[in-house]
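Undergrad: Given the sequences, and given the hints that come with them, work out the whole structure.
Here the protein sequences come in this chain order: A and P.
Position 261 of the first sequence, counted from 1, bears residue number 261 in our numbering, the numbering being contiguous throughout.
All you need for our numbering is the position in the second sequence, starting with 1, plus 1000.
None of these hints come from the bench; they were simulated from the model.
Treat the hints with care, since some could be wrong.
Derived, one-sided and incomplete: chain A residues facing chain P with beta-carbon distance under 7 Å [what the hints assert, rightly or not]: (1) E42; (2) V54; (3) Q62; (4) L207.
Listed below are the simulated BS3-like cross-link pairs for lysine-lysine, each with C-alpha atoms no more than 30 Å apart in a straight line [as the list claims (entries may be wrong)]: (5) A:K41 with P:K1167; (6) A:K41 with A:K2; (7) A:K188 with A:K123; (8) P:K1041 with A:K7; (9) P:K1002 with P:K1041; (10) P:K1167 with P:K1123; (11) A:K41 with P:K1007; (12) A:K59 with A:K123; (13) P:K1041 with A:K59; (14) P:K1188 with P:K1167; (15) A:K59 with A:K41; (16) P:K1250 with A:K41; (17) A:K7 with P:K1250; (18) P:K1188 with A:K2; (19) P:K1041 with A:K188; (20) P:K1007 with P:K1041; (21) P:K1123 with P:K1188; (22) A:K2 with P:K1002; (23) A:K41 with P:K1123; (24) A:K167 with A:K188; (25) A:K250 with A:K123; (26) A:K41 with A:K7; (27) P:K1059 with A:K59; (28) P:K1250 with P:K1123; (29) P:K1250 with P:K1188; (30) P:K1123 with A:K250; (31) P:K1059 with P:K1041; (32) A:K250 with P:K1041; (33) A:K250 with A:K188; (34) P:K1002 with A:K250.
By construction, the Cβ of each residue, glycine as well, lies at the ideal position given by its N, Cα and C atoms.
There are 2 protein chains.
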Amino acid sequence: MKYFTEKDSVETVLARTSVAADERLQEVTAALVRHLHAFAKEVSLTEAEWGAAVSFLTKTGQICSDERQEFILLSDVLGLSMLVDAINHRRPAGATESTVFGPFHVAGAPVRSMGDDICLDGKGESCRFTGRVLNLDGTPIEGACVDVWSDNADGFYDVQQPNVQPKWNNRGRFITGPDGRYEFLGIKPTSYPIPDDGPVGQLLTQLGRHPYRPAHVHFLITASGHERLVTHTFAEEDQYLASDAVFGVKESLVASYERLEAGATQWHCEFDFVLTPSNAVPPLSTSSTHIRG
Amino acid sequence: MKYFTEKDSVETVLARTSVAADERLQEVTAALVRHLHAFAKEVSLTEAEWGAAVSFLTKTGQICSDERQEFILLSDVLGLSMLVDAINHRRPAGATESTVFGPFHVAGAPVRSMGDDICLDGKGESCRFTGRVLNLDGTPIEGACVDVWSDNADGFYDVQQPNVQPKWNNRGRFITGPDGRYEFLGIKPTSYPIPDDGPVGQLLTQLGRHPYRPAHVHFLITASGHERLVTHTFAEEDQYLASDAVFGVKESLVASYERLEAGATQWHCEFDFVLTPSNAVPPLSTSSTHIRG
Chain A
1 MKYFTEKDSV ETVLARTSVA ADERLQEVTA ALVRHLHAFA KEVSLTEAEW
51 GAAVSFLTKT GQICSDERQE FILLSDVLGL SMLVDAINHR RPAGATESTV
101 FGPFHVAGAP VRSMGDDICL DGKGESCRFT GRVLNLDGTP IEGACVDVWS
151 DNADGFYDVQ QPNVQPKWNN RGRFITGPDG RYEFLGIKPT SYPIPDDGPV
201 GQLLTQLGRH PYRPAHVHFL ITASGHERLV THTFAEEDQY LASDAVFGVK
251 ESLVASYERL EAGATQWHCE FDFVLTPSNA VPPLSTSSTH IRG
Chain P
1001 MKYFTEKDSV ETVLARTSVA ADERLQEVTA ALVRHLHAFA KEVSLTEAEW
1051 GAAVSFLTKT GQICSDERQE FILLSDVLGL SMLVDAINHR RPAGATESTV
1101 FGPFHVAGAP VRSMGDDICL DGKGESCRFT GRVLNLDGTP IEGACVDVWS
1151 DNADGFYDVQ QPNVQPKWNN RGRFITGPDG RYEFLGIKPT SYPIPDDGPV
1201 GQLLTQLGRH PYRPAHVHFL ITASGHERLV THTFAEEDQY LASDAVFGVK
1251 ESLVASYERL EAGATQWHCE FDFVLTPSNA VPPLSTSSTH IRG
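TA: The following block contains the structure:
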C-alpha cells in the first residue's frame, strides 16, 4: 500500500496506470506527469498560482468556438506548435523548411488558372507571385498542387470576416505543368495581430510581448511521391520578422519583394519550393480501385 | 535576429519575455516553457497527439460550469493537486497532515452546538465523531472552528443534489471550548466516484484507472494563532484506501471506526487534530481599527 508523498509523487501517480493501457499513452502520460511535477517542485508553485492556472485554462477552453481555437493560440505563443512542427518535419538540406499550419486554412479552395488574380476585394498592393516547385535534385515537379492563402490588406482572412470579404478572397489552388512553375496575382501581405482579446492576449501583455505576426503568405504544397509541405513565405523587412508572436519565421522562408516601376502590378515575389520525396510509395487508394472496378 | 530552431526552442521563446515583466511570472513561465518543450522533445510528440491534446483541453474547459471544475479534476487525477498541497503545507512532526481541499466546501455552514446531528436526510449509518483540537505541545485549543462536510449515504454532497438533499446536509461548524473538544453526530462516510462522464473520466478509463475516492470526512480547522488546516479523515478498511483516484490518502489520516453494540448510534470515530502555530502574528485588521474608532 503506497500513499502519496512529495518525494515519490511521480512514482505514486504512475503506478496507478494499468500495464494493459496503450503503450504509447503510458509513455506520453509518464513523461507528462514527470515534467508537470518537476515544474511544480522547481518553482514551489503556490496554491494561489495553481488556482490562477486553473482559472486561465478554464477561460481558454470557454472562449473556444467553431471560429476560434485559443488552445492552439496558447501552444503557438509558447513555441510548442513550432516545436512539434520541427520534430515532425526534419527535412534534408536544400528542401524548403516548414512552419506552422495556422488556423485559417480552408480545404477545397477553387483551382485557378496560372496567372489568375486571387485578390477579390480590390484592396492592397498588387503583387505577382511566381516560382517553381522542384525536386531535391532541382527537377521541376509536374502536377504539384500549390494551395495559397493570406490575409487581406486590412489584416483579416476571409473566414474571419464572412460578411465583409468575398468568399475565397486571397485563396486559390494552382496545378503546375511540366515546367513546375506557378504564377498568380495577389497582394503584398500585411502583418496582423493574432486574436488578443482573450486569455492568451492577456498573457502576452503580462509578459510584455506584442501579438503581431510578420506579413506572410501561406502555402500548402502537395505532389505525388513527395512529402506534404506546409509553410509560409515572409515579407522581407517586415518590422516583426524577428519577433513573430508564434515564432514561425525561418531565415530560408524570408522572400524578396521587388517593386515594379511600371504597370498596374506594384510588386513581384519569386520563390521556389523544394519538396522531399515520400519515404514510401503510397498504397493504391480504395477510391482508385473502385474506379477501376 | 534570432529565429526559432528545434535545438534552441526554449531560449528563443524565453528571450521574448520583457525584462520588465513581473519577476515571479518570468520565473514560472521560464520553468513551464522549459518543461513543456522538454516533454515534447522527449516523447517526439506527433502532430496527431498534439491535436488530441488541444481537443482534450478544449473539451475540459467547455464542460466546466458553476457546478463543475474539470481542470481541478484533471489536476487531481494527475497528482498535481496533492503535490501543490504538499509543497505549501510542509508541517512539523506531530502536526496533523493536510490533504486536498476538494471542490465541495461551502463557506458559511451553520454553527452548531456540540453533539448536534449534521445528517439531515436520515440516510446512512449513524456515527458519533469526537476528538480534540490541540497545539503541537498537546495543549487543547479553545475557540477553534471545526468546519466539517461529507457526502451522504448515496455518495453525493448536498450541493450536487440541491433538489434532493436538505440544504447543509452533512455540514456544520463547531467551536471548541477550553477543553479543545469537538463532538457531533453524522454518518459513517461512503466511497464515491469523482464525476467521470467527462474528458477526465475518459482519460482514467484509457489509463485503466477507476474513479473512486475512499470514504472520507472533510475538515477545515481554523484557530487564532495557528495555520489553517485543510484535511480529511479516511475510513479504515475502505477498499479504495490504496487507490484514491485523487491520491488524497495519508497513513496518518486513516481513522478507526468503532462499531457500537447498543443504542441508535452505530459507530464511533475519535480523531484528534494537531495544529501548527502561525509563522507570524497577523496584523491588526482594518475592521477592528474601525470598531475602535
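Undergrad: Now tell me if each hint is right for this structure.
TA: Hint-by-hint comparison with the structure:
1. E42: At about 5 Å, which falls below the 7 Å cut-off, the nearest Cβ of chain P leaves the hint on E42 (chain A) intact, so it holds.
2. V54: holds, 5 Å
3. Q62: Where the cut-off is 7 Å and the nearest Cβ of chain P is about 5 Å from Q62 (chain A), the hint holds.
4. L207: Given a least distance of 5 Å, the restraint on L207 (chain A) holds.
5. A:K41 with P:K1167: violated, 39 Å
6. A:K41 with A:K2: Holds - the C-alpha atoms of K2 (chain A) and K41 (chain A) are around 20 Å apart, at most 30 Å.
7. A:K188 with A:K123: holds, 10 Å
8. P:K1041 with A:K7: holds, 25 Å
9. P:K1002 with P:K1041: holds, 20 Å
10. P:K1167 with P:K1123: holds, 14 Å
11. A:K41 with P:K1007: holds, 25 Å
12. A:K59 with A:K123: violated, 36 Å
13. P:K1041 with A:K59: Given that 30 Å is the threshold and the Cα spacing comes to 28 Å, the pair holds.
14. P:K1188 with P:K1167: Cα-Cα ~19 Å, so holds.
15. A:K59 with A:K41: With a Cα-Cα distance of about 25 Å, the restraint between K59 (chain A) and K41 (chain A) holds, given a limit of 30 Å.
16. P:K1250 with A:K41: holds, 19 Å
17. A:K7 with P:K1250: Status holds; Cα separation ~13 Å.
18. P:K1188 with A:K2: Measuring from Cα to Cα gives roughly 24 Å; hence the hint holds.
19. P:K1041 with A:K188: Roughly 36 Å separates the two Cα atoms, so the pair is violated.
20. P:K1007 with P:K1041: It holds: about 10 Å lies between the C-alpha atoms, which stays within 30 Å.
21. P:K1123 with P:K1188: holds, 10 Å
22. A:K2 with P:K1002: violated, 48 Å
23. A:K41 with P:K1123: Roughly 43 Å between the alpha carbons, so the hint for K41 (chain A) and K1123 (chain P) is violated.
24. A:K167 with A:K188: Judged against 30 Å, a Cα distance of about 19 Å means the pair holds.
25. A:K250 with A:K123: holds, 28 Å
26. A:K41 with A:K7: Cα-Cα ~10 Å, so holds.
27. P:K1059 with A:K59: Within the cut-off at roughly 12 Å; holds.
28. P:K1250 with P:K1123: holds, 28 Å
29. P:K1250 with P:K1188: holds, 19 Å
30. P:K1123 with A:K250: Since the Cα atoms of K1123 (chain P) and K250 (chain A) sit roughly 67 Å apart, the hinted pair is violated (cutoff 30 Å).
31. P:K1059 with P:K1041: Holds - the C-alpha atoms of K1041 (chain P) and K1059 (chain P) are around 25 Å apart, at most 30 Å.
32. A:K250 with P:K1041: Given pair K250 (chain A), K1041 (chain P) holds - Cα atoms ~19 Å apart, limit 30 Å.
33. A:K250 with A:K188: Holds. K250 (chain A) to K188 (chain A) sits at ~19 Å (cutoff 30 Å).
34. P:K1002 with A:K250: Holds - the C-alpha atoms of K250 (chain A) and K1002 (chain P) are around 9 Å apart, at most 30 Å.
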